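Peer 1: For this one, chain C is given, so just place chain E on it according to the hints.
Protein chains: 2
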Amino acid sequence: MSTSTLTIATTAEQVDRAARQAHAAFLSIADESPSTRAARLNTIADALRAHSQELVALAATDTNLAEVRLQGEVKRSAFQLDLFADEVRTGVALDATVDHADPDWGMGPRPDIRRVNVPLGVVGVFGASNFPFAFSVMGGDSASALAAGCAVLHKIHPGHRKLALRTGEIVVAALADAGAPAGLFSLVDGRPAAEALVDHPLIKAIGFTGSTTGGRALFDRANARPVPIPFYGELGSINPVFVLPTAWDSRAEEILTGYAGSFTMGMGQFCTKPGVLFVPDSASEEQLRDTLGTALDEAPLAKLLTPGLRKSFGKARDEVASFAGVRALVSGTDSEIPTPTVLLVDAESVASDPEVLHREMFGPATVVVRYRDVADLPALAAQMEGQLTATIHADEGDPSGELLSTLTGIAGRVLWNGWPTGVTVSYAQQHGGPYPATTAPGTTSVGTAAINRFMRPVAYQDVPDAALPPALQNVNPWEIARRVNGSMEPAGGTP
Amino acid sequence: MSTSTLTIATTAEQVDRAARQAHAAFLSIADESPSTRAARLNTIADALRAHSQELVALAATDTNLAEVRLQGEVKRSAFQLDLFADEVRTGVALDATVDHADPDWGMGPRPDIRRVNVPLGVVGVFGASNFPFAFSVMGGDSASALAAGCAVLHKIHPGHRKLALRTGEIVVAALADAGAPAGLFSLVDGRPAAEALVDHPLIKAIGFTGSTTGGRALFDRANARPVPIPFYGELGSINPVFVLPTAWDSRAEEILTGYAGSFTMGMGQFCTKPGVLFVPDSASEEQLRDTLGTALDEAPLAKLLTPGLRKSFGKARDEVASFAGVRALVSGTDSEIPTPTVLLVDAESVASDPEVLHREMFGPATVVVRYRDVADLPALAAQMEGQLTATIHADEGDPSGELLSTLTGIAGRVLWNGWPTGVTVSYAQQHGGPYPATTAPGTTSVGTAAINRFMRPVAYQDVPDAALPPALQNVNPWEIARRVNGSMEPAGGTP
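So the sequences go chain by chain: C and E. Residue numbering for the first sequence follows the numbering used here, starting at -10 and increasing by one per position. Residue numbering for the second sequence follows the numbering used here, starting at -10 and increasing by one per position.
Pulled out of the complex, with its shape left as it was, chain C reads as follows (with noise of 0.2 Å):
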């Protein structure tokens, strides 16, 4: 019998003890069924709309932030959760892969040999400050991790504590209900733990989203183990938006409106909150003072997540703007709620020295960049570092092609007369990008394929059908759609 007592690490000998038992439950979890496995996702994301009552307020007491936002964090959080369940069903996340014994085989006789994804093993999950639903608790790694078949070790973040342990005692109730194994799931609290987290041998990969210099941090010690594990770590994203000559012409009040909506989006508070904004010269300090000083009217404001964030974002702030070239075309306050800040600069200025273009503003700030041509947009975005997310404002006519291509190289994820913030989970999402958008450029954050952050291919040479995983077997008793001989072959079918 399982039992629902949620464990609170908070030293290393309990980080240590909760490793342990996290490792024995991954173990014995090791040969259940796809459907198993998604219907204890399906239980705790029923468990997180039943008391989303609850967890909305506890969360707004925690932050500053609106009912409506938390309510859409539960929401996603919960939705997150029955699609990577269906997808567990799917088995898309498997990759079976089977290679039927070949004596004409080109190099010389093949044998049998059949690859699936199995998972790493007990990951350690960092809680994120500013989403306290979907990077938190039971949020997207975490959510990834149970869904490749791990055990979580859950940091919380000490911004949102209290909603931190009740959402914890939640899942670890559902857990329960679904018949999971004691210990599948459960927090660590304080740096210390954090640490001895990182450090666990039994530990074999983290999921981090927060802060370049500590995320960097981690991601330095997980590498200086012993065993290094893959650290996939989200730390800091500009997500620079380039609005082209003709597109600005044709609506350039829409464009800074939404520009400002976005920006000021959880007061500024998103990782893929847009940066810095580039416009073409013809647009004067006049129009955009205005412009956008009469969107940012309506931009609801409110305190910043955390006192040290607000501090660390008053520091970049006031940094960026002492930088060569930069004015302040709208000045913000630094009051305890903060009203939202613009920095103005010339392409040119920006071109000789672009640090402007690589210093994350985690609050409600951007600056403005005007460039003479639109020829020297991609060599603009050329200097910027990796990004999570790059933004085309075009109309028809707009030279784009290039710009396209650098940001490609860049960005995770390139957009289209759209804005950065509000990711959707799915199965083409990708959030995630080259440093320091992430640690690890090849995979994302968000969406179904997050799940392939926590399982590794294993290879089964000439095993005997019955000693296989059910994945590889001959009758595919799972159904599971595999790759046969190099040829796909859909759900249901058996080699």
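Heads up, some of the hints might be wrong.
Since the list gives no way to pick one copy over another, a pair counts as held whenever it fits inside one copy or between any two copies.
[To be verified] Derived SDA-like pairs (lysine to any residue); straight-line CA-CA distance at most 25 Å:
| id | residue 1 | residue 2 |
| --- | --- | --- |
| 1 | Lys151 | Leu277 |
| 2 | Lys64 | Gly95 |
| 3 | Lys64 | Pro98 |
| 4 | Lys300 | Glu337 |
| 5 | Lys64 | Gly97 |
| 6 | Lys300 | Leu290 |
| 7 | Lys64 | His89 |
| 8 | Lys64 | Pro92 |
Hint data in this document are derived by calculation from the structure and do not stem from the laboratory. Every value quoted in this text rests on a predicted model; they were computed, and no experiment measured them.
Peer 2: Relative to the frame of chain C, chain E by itself:
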């Protein structure tokens, strides 16, 4: 016009120049079709085959390897290029995924999102000592990177420099014949250039096969960069073999003979060399010594690959021989052509000091471990580090279930009644495993899936059809298999 001059960078400045040229070449092929890319691989394969006599002769003077082995390596390398060419044509590695806009998506309206894998850029590949063709200039890593659409700077192994230079010339000439841009492939030679390669900002990933010490140093270096890059390193592996009692009773001689052949193959310098054999303690010392001795008389002996390897092999062998409880069953000579060594130890000694299970001896030496109780094998296996392979020899009635689960947890490939040396190139192959077998346990360096290491996903949101990469356009011009709204659509389909 591209030229066919081979560049060899030996200084940091030359590496910088080569990296810039490679990056320009990479950018210039970004929009090519799968068939163009595939044809390039085929052209290289043809060139290797056309020059195989000359190359094998060179390799035979550079190394101590037999011609038949070297011919096999050339055949394998050319086959691999052709297989990867076919794989490029299928588009499987692109993982094209299309989600149409959906106003009724469960978490709120979904935009149109389409994801495809794009090549990383310029890749650094380190040649291995032990496979002058298959894991060197145009071995698995170079072939994977070119198949992904990357440019390659290949660091030649000093153990076969003449061969590397000539192979590089042939590859560069073939690339020119195929119309590839100059600089897409070039060589790097010597340690200063190798370090500059790992540090260079335009290098986006490293492929490496070699020792745990050397590999770990480069892994650390790649992670310490201001912008860390993926380091795909294959370091060390013991490749344990477990013989269960019934199998032992029915065919001990056959097993020992196969084992002797496998651990001396290539003078024990295969990364999948079986370094530890577990047998029941019904095996007498006399039986082991006589059977192995007879089989080892047949082993083709040769000098080790380099004097340095001979020295480090002798040191590792002598250290393992000195561990508590270890005694020599067959004592090899320490001559220029060393004869094989077989060490013997009881499972009790190993359980109390598992170091004997962790020490790779890269040469013709191995350890036989006698166990009292077959039920102890999973616990013994769990003491081992990450492995490229693990093997079970079992007959009906042997209790293999728990052992198989344990080996799945530590190895990338699990074999049944076979030998791990010999790694076929196919769709399901997995050559990788938990550290130290590889530094990236989710990846393989052999088989078509090796291509994925050198790509990363990019999603396009609401991008007009004509501006999308062809792989994602509505008409599916390349007729590749894609996932559309969660459903797999076979090659040739249009959504």
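Peer 1: The structure should be examined with respect to each hint, and the outcome stated for every one.
Peer 2: Going down the list of hints, with the structure as the test:
no.: 1; hint: Lys151 x Leu277; verdict: neither (42 Å within a copy, 64 Å between copies)
no.: 2; hint: Lys64 x Gly95; verdict: between (52 Å within a copy, 9 Å between copies)
no.: 3; hint: Lys64 x Pro98; verdict: between (53 Å within a copy, 13 Å between copies)
no.: 4; hint: Lys300 x Glu337; verdict: neither (30 Å within a copy, 60 Å between copies)
no.: 5; hint: Lys64 x Gly97; verdict: between (54 Å within a copy, 9 Å between copies)
no.: 6; hint: Lys300 x Leu290; verdict: within (17 Å within a copy, 69 Å between copies)
no.: 7; hint: Lys64 x His89; verdict: between (45 Å within a copy, 21 Å between copies)
no.: 8; hint: Lys64 x Pro92; verdict: between (54 Å within a copy, 16 Å between copies)
Taken one by one, the earlier hints fail for this structure at numbers 1, 4, listed in ascending order.
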